[in-house]
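Asks: Given chain A, put chain B in place with the hints provided.
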Amino acid sequence: MPGPFRIAHGLLIDTASAVGFRFDGRQLQGVAGDTLASALLANGQRLVGRSFKYHRPRGIVTAGPEEPCALVDVIGSAGREPNQLATTLPLREGLRAESQNRWPSLAFDVRAINDLLGRFLPAGFYYKSFMAPGWAWERLYEPLIRRAAGLGRLAAIVGEHAAPAETIHDHADVLVVGAGVAGLAAVRRLSVRGLKVMLVEQDVALGGGSLLDARWTAWRESLSAELRDFPAVRILPGTAVLGAYGHGVFGALQILAPAEAARFGGLRERLRIVRAKRVIIATGALERLVAFPANDLPGVMLAGAALAYLRRYGVAAGSRPAFFLNNDEAYEAVFALADVGIKCAGVIDPRNDSLAAERARTRGVEVHGGTVVAGVYGRRGVRGVCLADPSGNPRGRLEADCLLISGGHTPAIALASQLGAPLEWQERIAAFTADLDAGSGCLAGAARGVFGLGAAARDGDTGACAIAADLGHGTDAALQALDFPEDAEVTPLKPLWEVAAPGKAFVDLQNDVTTADVRLACREGYEHLEHMKRFTTHGMATDQGRIGGLVGAAVLAQARGVPLSQVGQLKPRPFAQSIAFAALAGGEVREHFRPKRRLPLHDWHESAGAIFVPTGLWLRPLVYSRRPGWQPVLEEARAVRAGVGITDVSTLGKIDVQGPDAAKFLDFIYANTFSTLAVGRARYGIMLREDGMMFDDGTTSRLGPEHFLVTTTTAGGTAVLEHMEFHLQTVCRELDVLLSDVGDQWAQFAVAGPRAREVVAGVVTGLDLSNEAFPFMAVRAATIAGVAGRIFRISFSGELAYEVAVPAKHALTAWSALLQAGKPSGIRPYGLDALNTLRIEKGHVTSAELNGNTTADDLGLQRMLKKQGDFVGRALAQRAGLVAPGRLQLVGVRPVDRSRRRLRNGSQLLASATARGESLGYVTSSSPSVELEGWVGLALVSGGRQRLGQRLIGASPVHDETTQIEIVSPHMLDPENTRVRA
Amino acid sequence: MLRIPCPWCGERDETEFRYRGDASKTRPAADAGLAAFTAYVYERDNPLGWHIEWWLHVGGCRRLLKVIRHTFSHEIRAVVGPADQVSLPPQSRR
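Line by line, the protein sequences are chains A and B.
So for the first sequence, my numbering puts the first residue at 1; every next one is plus one.
So for the second sequence, my numbering puts the first residue at 983; every next one is plus one.
One chain only, chain A, in its complex shape:
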């Protein structure tokens, strides 16, 4: 059989099919069914990595996802994936793995010097040692610490290189987490009762602890066969629940088996979002370590892990194992290794006597009762064990090549904790358990502290009966009881957390936290468990302290002089295990990352050479040219000022407001009045938030006595509708009004420029566009190129302008007709940049000025606030602080040197070039002007309206630029508004 330590047949392996792999460049052989860890152990490779902080040699400690040490980089065709757990990583032909955190090699690591310097690197050392000088943290200390600490190396496996993943939503009556005996028994009962059940198991095989006990094989196999006949049971091995999110929602990560992955085109992972009426948490219990000096030396392994390697993979953890056990359950490993002929160096048990020790002695195993392990010797692996009596007196040594330890078993209650279940201390097992409220589900088996396979199976069945009854499935079809072996009688464990002796004794192997670190935290005042956790990083590694978390808490309890039951246990938050970002993203990557909203005329804009810019979810044409620089933008803007241009404003939010009380409602929502607006007229309106700040603006038209059309900013459409709905359904409940979002129903184009009238006249039938018949701010239904639509005489550019609206599906008809009609006038489309240039010249605000921090008064709109009647924001807008004269007020800005200097958005405005830190405001928008000489901009300046004509310094430190600028009125173009009325 391949590998010198492969001594038996394992349950999960096929010894006939060899699998070649490389570890740190060395070619090795495992067998089908191996994990990387079992294959390494079979080859006698004990040393698998260096530790996080002290760079101490580390080996394999567990046989499952709780592994703290055996993390490796896996090198695949797409790159390097760090922090893969060797203990769960399935071995495959050609796998290339490398150990982590060592340089230059695993056997010789120069940073192991940290281990000798350990007394100078206690917990929290970097908070204290690397304080001064201030600049050094970012440039010197942090890069050094980052290089020395950390685990794997991350290479970019993103974008198209990431393995494909998907997200699936599942629904079930009951989610059963864990397919140990408790979970399997529960599923059987639930299925017979006719419930839809989903069973998830992180392991690749079902059975949990029963996989390690040959007496349970028959039970497991007959039950598995039975479950296959239940159509309403879904069984998902290789699926770990990552978190419990309340209300029956759970996240689970399914790793696809190779055959299934191939069937789904290389799909590697599935994120499953499970919604279940009840949950049964049957996640078992995890063996915990004991803190004694050098308890991290390669060859120190949990006893249950050694049992798992033997039963599952036929691998012996060593050829002469010693054991350090405080509980009868862990003796199973002693018996199993003896059964295959491995000679035991001796069992060290702090208890003076126990039933299991008796059984071991009758089998010729030497048991040292009333004894503890005071240390382990050996440099890169265990060579022997030092014994002591409980008061610390040496009791000699044992030669051994591995030490298999067990400090008891801690129920795995992370999911219950996440659901808010309070902890309950159980003296019997020296651990915490938890219980769920009946509406959520229950815990079952070892997760509830019910140890022993037979007892757990019964507990799972009982829990399932209660849940089925609760869900109204109270009676069984005939269900034949399955026979299973009885549990052996056990002597209770003796709690043992720590052996006090000189040397580093670890409570968290992955983050290199020792018992001394925990005591230091306590001395420094971090007495609460969660504070100790943050000070020492205990339990903060990817393994979440599963095997040592409670041990650290016990050390803290001892340091504080209180019982462990008062200290509690760390609360593990989601995710319960590492998950790749790719798996979380699922299919929502690249172009599927977020939806794109395309204009009805997107294709036309594209064919006209537009460059698009995302604004919110919308893609809007920025400029119709590929040429860089301002020139193409200014050409478009100049066309509007000199002749006529057309732009797509369909992105504006549009809300249809109808009902007998529509006008009254808008009077409440808007700060200005709409009830006085005549039918066929539009009005600019501003909305405030209830706290008195500006919320949104736009033009609202009265289409009929009880019919208004509200337009909002592009960004504000959704928020304004929510704002209106909220007030309509609360304070305005008595009003008879209906709101409808019609933003997607209408395409809208602005035709702007001195020649706009002749262009629009060319497409509109049945409407006199003369100033007398259709003045500024008039609105009419009209036929545009044969399509029933609307014409609004409103202007954002400051020119004579019309906005033409047609149903979105007729967008191209209307647009093409307008272009055709505009040909003689030289019409050209203009994009968002030109639109911006035009509105800055005119002093109109957009989101740069409506930034959530400005009031109506700041923007010079104070006069719009109505004096009579209530409206949202009225009371608080009058607060002294919101109308204070020193507030940042909207002004126009221009460089004093018109010809040479540009303005920059975000430039700080200073009284003088030497005024350090005394900003008077900042530039919000800027553009070269087409009408005026040089650049123009808008700015928010303290007391700005009193500063007209003043000169300030505009400073942009990131560009290392200062510009002398002049404060002007924001209405830099046509302040009398003659053009829009032309």
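No lab work stands behind these hints, which were simulated from the structure alone.
Check before you lean on any hint, since a few could be wrong.
Reference excerpt, derived from the structure (chain A facing chain B, CB under 10 angstroms, subset only) [what the hints assert, rightly or not]:
id	residue
1	Gly248
2	Gly266
3	Arg275
4	Glu424
5	Gly692
6	Glu725
7	Phe726
8	His727
9	Thr730
10	Leu739
11	Val742
12	Val872
13	Ala875
Cβ atoms here follow ideal geometry from the backbone N, Cα and C, with glycine treated the same way.
Replies: The following block gives chain B in isolation, referenced to the frame of chain A:
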């Protein structure tokens, strides 16, 4: 993740809703004065226990719902319309 039983649409994920704050607050009368409006906008209790709050079903019926939720257990005890009177259960920390 909350699952909110909308009286109009059925049980839905919280991602379909927009939280709109404390529903125990009522907008003061127009002439109630600055202090009343300040309290309405800014002053909030932060209870460990039952809480009455607004949720707007933006991804569904667009109805505003009054929800009684426990801030620790997240249990949802009642979901009613804005005009319906509903009283908080006796306070409990879990």
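Asks: All the hints need checking, so say for each whether the structure fits it.
Replies: Going through the hints against the structure:
1. Gly248: At about 7 angstroms, which falls below the 10 angstroms cut-off, the nearest Cβ of chain B leaves the hint on Gly248/A intact, so it holds.
2. Gly266: 30 angstroms, violated
3. Arg275: This interface hint holds because 7 angstroms falls under the 10 angstroms limit.
4. Glu424: Violated, because the Cβ-Cβ distance from Glu424/A to chain B comes to roughly 14 angstroms (cut-off 10 angstroms).
5. Gly692: Status holds, d = 9 angstroms.
6. Glu725: 6 angstroms, holds
7. Phe726: Where the cut-off is 10 angstroms and the nearest Cβ of chain B is about 6 angstroms from Phe726/A, the hint holds.
8. His727: It holds, given that the least Cβ distance between His727/A and chain B is near 9 angstroms, below 10 angstroms.
9. Thr730: 6 angstroms, holds
10. Leu739: Holds: closest Cβ of chain B sits about 8 angstroms from Leu739/A, inside 10 angstroms.
11. Val742: Where the cut-off is 10 angstroms and the nearest Cβ of chain B is about 14 angstroms from Val742/A, the hint is violated.
12. Val872: This interface hint holds because 9 angstroms falls under the 10 angstroms limit.
13. Ala875: 4 angstroms, holds
When held up to the earlier numbered hints, the structure conflicts with 2, 4, 11 and fits the remainder.
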